[in-house]
Amino acid sequence: MADLRSNLGGITSPNPFWLASAPPTDKEYNVRRALEAGWGGVVWKTLGEDPPVVNVSSRYGGLAYQGKRLSGLNNIELISDRPLATNIAEIKRIKRDFPDRAIVVSLMVPCEEASWAAILPIVEETGADGIELNFGCPHGMSERNMGAAVGQVPEYVEMVTRWCKQHTRMPVIVKLTPNVTSILSPARAALRGGADAVSLINTIQSVIGVDLDAMAPMPVVGGQGTHGGYCGPAVKPIALRMVGEIAREPEFRGLPISGIGGISTWRDAAEFLAMGSSALQVCTAAMHYGFRIIDDLTTGLSNWMDEKGYASISDVTGRAVPNFVHWNALDLNFKTLASIDQDRCIQCGLCYVACEDTSHQAIGRSKVDGMRRYEVIDAECVGCNLCALACPVDDCITMVPQPQTAEKLTWPEHPNNPHRILAERAG
Amino acid sequence: MIDIAAGRLSAATLARNFSDAHPPLTAPQSVVEADRCHHCYDAPCIEACPTGIDIPGFIGRIATGDLGGAAEAILDQNILGGACARVCPTDILCEGVCVRVKQGERAVSIGALQRTAVDWQMAQGQPYRRAPARGTRIAVVGAGPAGLACAHRLSLRGHDVDLYDARPKPGGLNEYGIAAYKVPDDFAQNEVAFVLEIGGITWYGDRVLGQNLSLETLRETYDAVFLGIGQSGVRALGLAGEDADGVFDAVDFIETLRQSPPAAVPIGARVVVIGGGNTAIDAAVQARRLGADDVTLVYRRGPENMNATPEEQEWALQNLVTIRHWATPAAIETEAGHVTGVRFARGAPDETGKPVYDRGELTIPADMVLKAVGQLYEDPIDGTLALSGGRILVDARGETSLPGVFAGGDCTAGEDLTVAAVRDGRDAAEAIDTMLTERGR
Ligand SMILES: Cc1cc2nc3c(=O)[nH]c(=O)nc-3n(C[C@H](O)[C@H](O)[C@H](O)COP(=O)(O)OP(=O)(O)OC[C@H]3O[C@@H](n4cnc5c(N)ncnc54)[C@H](O)[C@@H]3O)c2cc1C
Ligand SMILES: Cc1cc2nc3c(=O)[nH]c(=O)nc-3n(C[C@H](O)[C@H](O)[C@H](O)COP(=O)(O)O)c2cc1C
Ligand code: SF4
Numbered sequence: 184m185a186d187l188r189s190n191l192g193g194i195t196s197p198n199p200f201w202l203a204s205a206p207p208t209d210k211e212y213n214v215r216r217a218l219e220a221g222w223g224g225v226v227w228k229t230l231g232e233d234p235p236v237v238n239v240s241s242r243y244g245g246l247a248y249q250g251k252r253l254s255g256l257n258n259i260e261l262i263s264d265r266p267l268a269t270n271i272a273e274i275k276r277i278k279r280d281f282p283d284r285a286i287v288v289s290l291m292v293p294c295e296e297a298s299w300a301a302i303l304p305i306v307e308e309t310g311a312d313g314i315e316l317n318f319g320c321p322h323g324m325s326e327r328n329m330g331a332a333v334g335q336v337p338e339y340v341e342m343v344t345r346w347c348k349q350h351t352r353m354p355v356i357v358k359l360t361p362n363v364t365s366i367l368s369p370a371r372a373a374l375r376g377g378a379d380a381v382s383l384i385n386t387i388q389s390v391i392g393v394d395l396d397a398m399a400p401m402p403v404v405g406g407q408g409t410h411g412g413y414c415g416p417a418v419k420p421i422a423l424r425m426v427g428e429i430a431r432e433p434e435f436r437g438l439p440i441s442g443i444g445g446i447s448t449w450r451d452a453a454e455f456l457a458m459g460s461s462a463l464q465v466c467t468a469a470m471h472y473g474f475r476i477i478d479d480l481t482t483g484l485s486n487w488m489d490e491k492g493y494a495s496i497s498d499v500t501g502r503a504v505p506n507f508v509h510w511n512a513l514d515l516n517f518k519t520l521a522s523i524d525q526d527r528c529i530q531c532g533l534c535y536v537a538c539e540d541t542s543h544q545a546i547g548r549s550k551v552d553g554m555r556r557y558e559v560i561d562a563e564c565v566g567c568n569l570c571a572l573a574c575p576v577d578d579c580i581t582m583v584p585q586p587q588t589a590e591k592l593t594w595p596e597h598p599n600n601p602h603r604i605l606a607e608r609a610g
Numbered sequence: 139m140i141d142i143a144a145g146r147l148s149a150a151t152l153a154r155n156f157s158d159a160h161p162p163l164t165a166p167q168s169v170v171e172a173d174r175c176h177h178c179y180d181a182p183c184i185e186a187c188p189t190g191i192d193i194p195g196f197i198g199r200i201a202t203g204d205l206g207g208a209a210e211a212i213l214d215q216n217i218l219g220g221a222c223a224r225v226c227p228t229d230i231l232c233e234g235v236c237v238r239v240k241q242g243e244r245a246v247s248i249g250a251l252q253r254t255a256v257d258w259q260m261a262q263g264q265p266y267r268r269a270p271a272r273g274t275r276i277a278v279v280g281a282g283p284a285g286l287a288c289a290h291r292l293s294l295r296g297h298d299v300d301l302y303d304a305r306p307k308p309g310g311l312n313e314y315g316i317a318a319y320k321v322p323d324d325f326a327q328n329e330v331a332f333v334l335e336i337g338g339i340t341w342y343g344d345r346v347l348g349q350n351l352s353l354e355t356l357r358e359t360y361d362a363v364f365l366g367i368g369q370s371g372v373r374a375l376g377l378a379g380e381d382a383d384g385v386f387d388a389v390d391f392i393e394t395l396r397q398s399p400p401a402a403v404p405i406g407a408r409v410v411v412i413g414g415g416n417t418a419i420d421a422a423v424q425a426r427r428l429g430a431d432d433v434t435l436v437y438r439r440g441p442e443n444m445n446a447t448p449e450e451q452e453w454a455l456q457n458l459v460t461i462r463h464w465a466t467p468a469a470i471e472t473e474a475g476h477v478t479g480v481r482f483a484r485g486a487p488d489e490t491g492k493p494v495y496d497r498g499e500l501t502i503p504a505d506m507v508l509k510a511v512g513q514l515y516e517d518p519i520d521g522t523l524a525l526s527g528g529r530i531l532v533d534a535r536g537e538t539s540l541p542g543v544f545a546g547g548d549c550t551a552g553e554d555l556t557v558a559a560v561r562d563g564r565d566a567a568e569a570i571d572t573m574l575t576e577r578g579r
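Residue numbers (my numbering), protein chains in the order written: chain V, 184 to 610; chain U, 139 to 579.
In case anyone wonders, no lab produced these hints; they're calculated from the structure.
Wrong hints could be hidden among the right ones.
Each computed DSS-like pair below joins lysine-lysine, with the alpha-carbon atoms no more than 25 Å apart [unchecked claim]:
no.	chain 1	residue 1	chain 2	residue 2
1	U	K307	U	K320
2	V	K491	V	K550
3	U	K240	V	K251
4	V	K210	V	K251
5	V	K348	V	K275
6	U	K240	V	K550
Could you put together the complete structure from these sequences and hints?
So this is what it looks like as structure tokens:
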């Protein structure tokens with residue numbers, strides 16, 4: 184049995200799955216049931232200064248794609264709308280009753296040192312294992328110069344992180360907003376400020392859809408809408424990219440990452456670990472199916488690790504990072520070809536139309552004994568994968584890497600590269 | 139003791155037995171089902187539909203909530219898409235070739251989805267506008283699926299149509315033949331009204347070609363004639379006792395049932411149905427649903443030889459119809475002029491597969507016998523038109539041996555299916571339109 188215990192900058196938990204700071208971690212009732220169900224930890228719903236914020240009614244919008252609900256989730260909620268003292272008392276009880284779990288408190292107060300200096304001792308007194316700085320909330324709070332408004336300015340990120348390190352002995356996790364051009368700048372700022380870890384991604388600014396009757400963006404609040412933050416399975420590719428970009432830069436070596444963004448299955452979890460995460464956070468999947476999914480996440484991850492011979496989470500963390508390279512490092516002499524398993528083929532023709540209309544006319548169509556037959560024309564196939572992706576049957580179209588006929592050749596070395604030619608001329 | 143009686147079951151049970159056998163999908167169910175479509179390229183289901191409906195196209199429109207667009211895709215090809223959604227043997231047509239089946243899954247429920255779209259459109263009304271009237275007049279004889287499809291398409295193209303039928307009501311077998319639980323709630327008449335809403339079609343009932351309607355006169359009066367007069371004859375068993383009391387043609391029995399409240403239709407306690415097609419299945423199942431205790435359907439060969447589709451055979455079994463194979467009727471047994479049973483010779487296939495009935499006899503007692511051994515084209519115009527295989531001969535355009543006279547549906551060769559009749563009627567209309575256009579009409 185694989186050892187699922189995780190350690191994120193000194194914060195330990197029996198498994199790497201924490202509930203992200205959001206409605207599932209909004210109050211004692213939820214958190215207690217989540218921890219009883221087996222979650223490794225929680226990041227408490229973001230606390231702010233009193234008086235608490237006020238939330239609107241009609242808060243979420245969902246993206247349903249071909250029958251799959253909540254492929255993406257968008258929300259216009261703010262931070263905790265309950266008094267600070269209530270939250271603090273509950274956190275204290277939870278930490279007392281669940282000493283082995285990671286109990287992290289998310290914070291967002293105005294960008295003034297006094298505000299941070301005031302709230303940190305109060306949180307520390309709960310016995311919480313660490314704090315997470317919410318520099319990500321893309322709506323409502325940013326308009327009050329908090330959340331993403333801080334997270335988008337590296338100088339502020341660094342400054343606030345430094346204040347926190349000065350005013351508390353608790354580990355500080357900096358939660359990054361994806362609403363930036365380069366995720367590396369705020370990550371660098373967090374590192375300079377002394378962050379013990381970073382977590383990412385927070386939600387992505389979005390309009391989930393337009394209500395065509397109300398003629399207003401959704402979710403509609405009294406006939407109007409506003410942009411919100413996007414999360415759920417649809418954002419996973421964006422999150423993986425950002426996690427990997429930080430993980431592969433040598434300057435961040437030793438900065439632990441808590442991976443967040445669309446994690447719904449053990450497979451997603453394994454991918455985030457492989458791209459450099461030491462721990463993980465989940466929100467939408469729990470909001471969709473409830474706390475019980477923790478069983479599938481832990482069992483699935485553990486079985487997969489056993490199968491692959493990974494003994495611990497740290498064995499998996501970063502495994503794919505050395506292979507996550509810049510485009511320029513890819514081998515232009517590598518070739519892969521589509522191959523259709525005729526026994527599995529259901530003759531839907533989807534590979535044919537995809538390649539014929541939008542790719543390389545590399546799939547031939549014929550009728551053999553009255554049956555449709557689709558065959559790859561190897562000479563035309565550029566190995567783009569489109570047909571294999573469009574095919575509705577598992578393992579029917581496979582991409583077969585071809586024997587290497589020439590040495591690895593990258594773009595910087597390629598004859599077609601004008602810069603290379605210039606370099607040669609100069610040389 | 140002969141036991142034939144009406145009202146064997148309570149009114150509530152009868153109402154349930156003759157209501158929609160396959161209720162419609164709800165709107166959310168339709169979207170879930172629509173999302174199962176792979177949207178095949180050159181989809182096999184389109185090829186398998188005699189009217190060539192763009193099935194992935196209409197299903198995609200259902201998935202995105204465009205029911206009007208979905209209905210348009212269906213009705214453009216098949217104006218009787220509503221009937222077809224209910225009566226087509228989809229297991230041997232579109233759904234039978236659905237690639238989902240090759241994947242080891244259930245076919246997309248194309249028929250049920252078609253019903254979702256067309257029912258929606260029928261509630262809104264007929265969506266087509268006629269082309270400007272062209273001053274042409276066409277006689278359509280027979281108001282079954284072939285005649286209706288032909289009349290609608292002709293009207294759409296701007297021709298005026300007079301629609302004649304021997305019966306008092308239009309609809310053909312949709313009104314008089316299809317099993318009651320496939321088209322409940324007067325669906326056939328509702329659909330006729332929907333089709334005729336396009337305008338330009340004038341309906342004349344009780345006009346019998348060869349009696350009070352002459353082909354000669356029609357040819358003189360109209361620019362073209364279309365015959366969709368179906369098959370009004372039935373095959374006989376050729377056995378003594380066939381005209382005994384209690385022996386009926388299945389189609390007559392079904393027609394009575396379609397035209398009366400079920401509680402008024404007499405049915406035997408023990409019923410024997412002879413035949414292996416869909417008519418036999420429909421007769422047997424409806425006999426059970428009227429309250430017959432024992433219904434035995436006897437077919438002279440094996441299940442794989444039956445004309446009834448596998449799904450319909452299954453449906454009969456679900457309705458507790460006993461199906462016996464490899465027995466051919468030898469005699470109708472009677473007592474005092476009333477049937478008491480049917481004696482069969484039992485058989486088996488020989489090495490070549492040909493049936494040989496040398497395995498003794500089997501007598502099944504019956505209060506009522508329903509014969510369903512096939513319909514026949516009865517020529518009402520005594521050889522005026524050339525026949526082929528006992529039905530009206532037509533060329534690829536649907537034209538008969540008399541120029542300007544077209545025919546289609548069950549009175550011509552081909553599959554005896556509602557959807558095939560619709561295709562024939564539609565295509566003949568296009569051929570007539572082309573012919574008249576070429577003549578500058
Ligand atoms: C019992 C039964 C059940 C069936 N069930 C199904 C089913 O579930 N699914 C399916 O796809 N198909 C089914 N069929 C077959 C289907 O009903 C026919 O293929 C289809 O109706 C043929 O259409 P049509 O327009 O050619 O003929 P019909 O529907 O037979 O219409 C012919 C019309 O012509 C009229 N007519 C006949 N002679 C004259 C004349 N001399 N002068 C004027 N008018 C005349 C008739 O009154 C009738 O209205 C069934 C058939 C039967 C008998
Ligand atoms: C394979 C691929 C290649 C693309 N190449 C380009 C490109 O060269 N230039 C560009 O402006 N956008 C490019 N795009 C982006 C598309 O134009 C488009 O903005 C994007 O796919 C979003 O549209 P969608 O709704 O189809 O996803 C590419 C997209 C794909 C899938
Ligand atoms: S991999 Fe791309 S180019 Fe090759 S056959 Fe498939 S779709 Fe066509």
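Hint check:
Taking the CA atoms of K307(U) and K320(U), the gap is about 19 Å. The hint holds against a cut of 25 Å. For a cut-off of 25 Å, the pair hint linking K491(V) to K550(V) is broken: about 43 Å separates their Cα positions. The suggested pairing of K240(U) with K251(V) holds, with an alpha-carbon distance near 24 Å, which does not exceed 25 Å. Note on K210(V) and K251(V): the hinted pairing is violated, with a Cα-Cα distance of about 29 Å set against a maximum of 25 Å.
Under the criterion of a C-alpha separation no larger than 25 Å, the hint pairing K348(V) with K275(V) is consistent with the structure, at around 21 Å. The suggested pairing of K240(U) with K550(V) holds, with an alpha-carbon distance near 17 Å, which does not exceed 25 Å.
In summary, the numbered hints that this structure violates are 2 and 4.
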